[in-house]
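All chains, please: the whole structure from these sequences, using the hints.
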Amino acid sequence: MSSSSSSSPSGAAAVLAWSIATPSKPLPDVDLIKRICIIDFDNTLYRSPVPSNIWDGPSIGILRDKDRLLGGGWWQTPSILDATIDQGGQGQDATSVSNRERRFPDRWNRPILDIAQRINQNPHTLNVLLTGRNRKLFSKTVLQLLGNVDFDFDLVVLKQDHPQLGYEFATTMDFKKCFISTLLNHYHQTERISIYEDRHGHSRQFRDFGDEFNEAFVQGSPSQPRRHNRLAQAMNASERPPPAKLFKRVCHTSYMLHPETTHALLMKFRLKQRLSSREVDFFGRYIPIRMGKCEPLEIERLGGMGARVQFETVSFGSYSNYIWAARVRPVDSGVTVSTMNAVPTIILAKRTDGGERFLQNIENWEDVPPGDPRYLRFFATVGEQLRLQISVPRITSQTVGVGLVSR
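Using the UniProt record's numbering, the first residue of the sequence shown is number 1, and each one after it goes up by one.
By construction, these hints were calculated from the structure, which means they are not laboratory data.
Careful: at least some of the hints might be erroneous.
[Unchecked claim] Computed cross-link-like contacts, BS3-like style, restricted to lysine-lysine with a CA-CA straight-line distance of at most 30 Å:
1) K136 x K177
2) K136 x K245
3) K272 x K66
Put into structure tokens, the structure is as follows:
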């Protein structure tokens, strides 16, 4: 990859202005670098925490949106990434070490880290960590994480305003493209650039960007982007919006299975051995009574919250490689149970692109009597599946628009 532009005398300083790391050695000379390797941070080099299924779907969307919550969203909150750092651990006994390993699992993507370490030994390759994480918020955390594995990149670049022009980038991709352009204009003898990125959309955009850069380079100072978003943020900075509300929502009331029971069911019916987790979601965690919350009288008839019932498997069925389920019944025929389905049913697995509606399409159920290797007796407990939900007041686009016009 090359361009017709030669590097300016201040090219190295312009490149270093993007990096948060104090280099252990000067940047390599321009004529020395033939390859540039750029590695993304979140879920490429490091398995960063993501919102779990304790949140409902819309709330996960709110958490991921940096503009919906005061102070930013999930990816703008340093304490979430900080929580993955083990601040202690020295002089611990074996039990303490085991507990600590459970609390702080290894989040490094070792194959990518190995690639970065091999590249670092090549004097003709520039090694760069590039992430859309905010420079002001995450510099300390990212450097501490890298220090824990004793690994140095030539450049560690976090999202910031343009170092020379001072404007704010509208998107993470705009920021990354601008930095890569600066890098390629300085190291103009580069023959190859490799980018490791977990998001398919970004990968496509990087390929398109590389093609465009190779086709032509237009000289001239970059035009300053429109500042509507930044002006709107400044205008509203003194007007604190109403606080978001966090509350619990009952997703469904069910007979809840112990995790060991779930594991036993999936293994007995050999679903995890036969199906790919990339195409199938595994369940087997409950026998649904009803969606949402039950009336108190109904719960009382079932023995109250926490009541335990022993079930046994009756039959197994599936539909067109879309859904797999087991029918069960109480071991004690005198026990009163209530379930959403006429026959108590546990959905064991379903395709990621399929819905629970396919359960009704299962016509052929294979008996699983006592003595069958798949037969299982287990206890289930009456309980509620909760989800956390966020309610955020919206600021209408009309309000922002009026403010901009008035300026």
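Hint check results:
1. Simply put, K136 and K177 have alpha-carbon atoms about 20 Å apart, close enough for the 30 Å limit, and the pair holds.
2. Between K136 and K245, the direct Cα distance comes to roughly 27 Å. Compliance with the 30 Å bound is thereby established for this hinted pair.
3. The straight-line distance between the Cα atoms of K272 and K66 is roughly 37 Å, outside the 30 Å bound, and the hint therefore fails.
Violated hint for the displayed structure: number 3, the only one.
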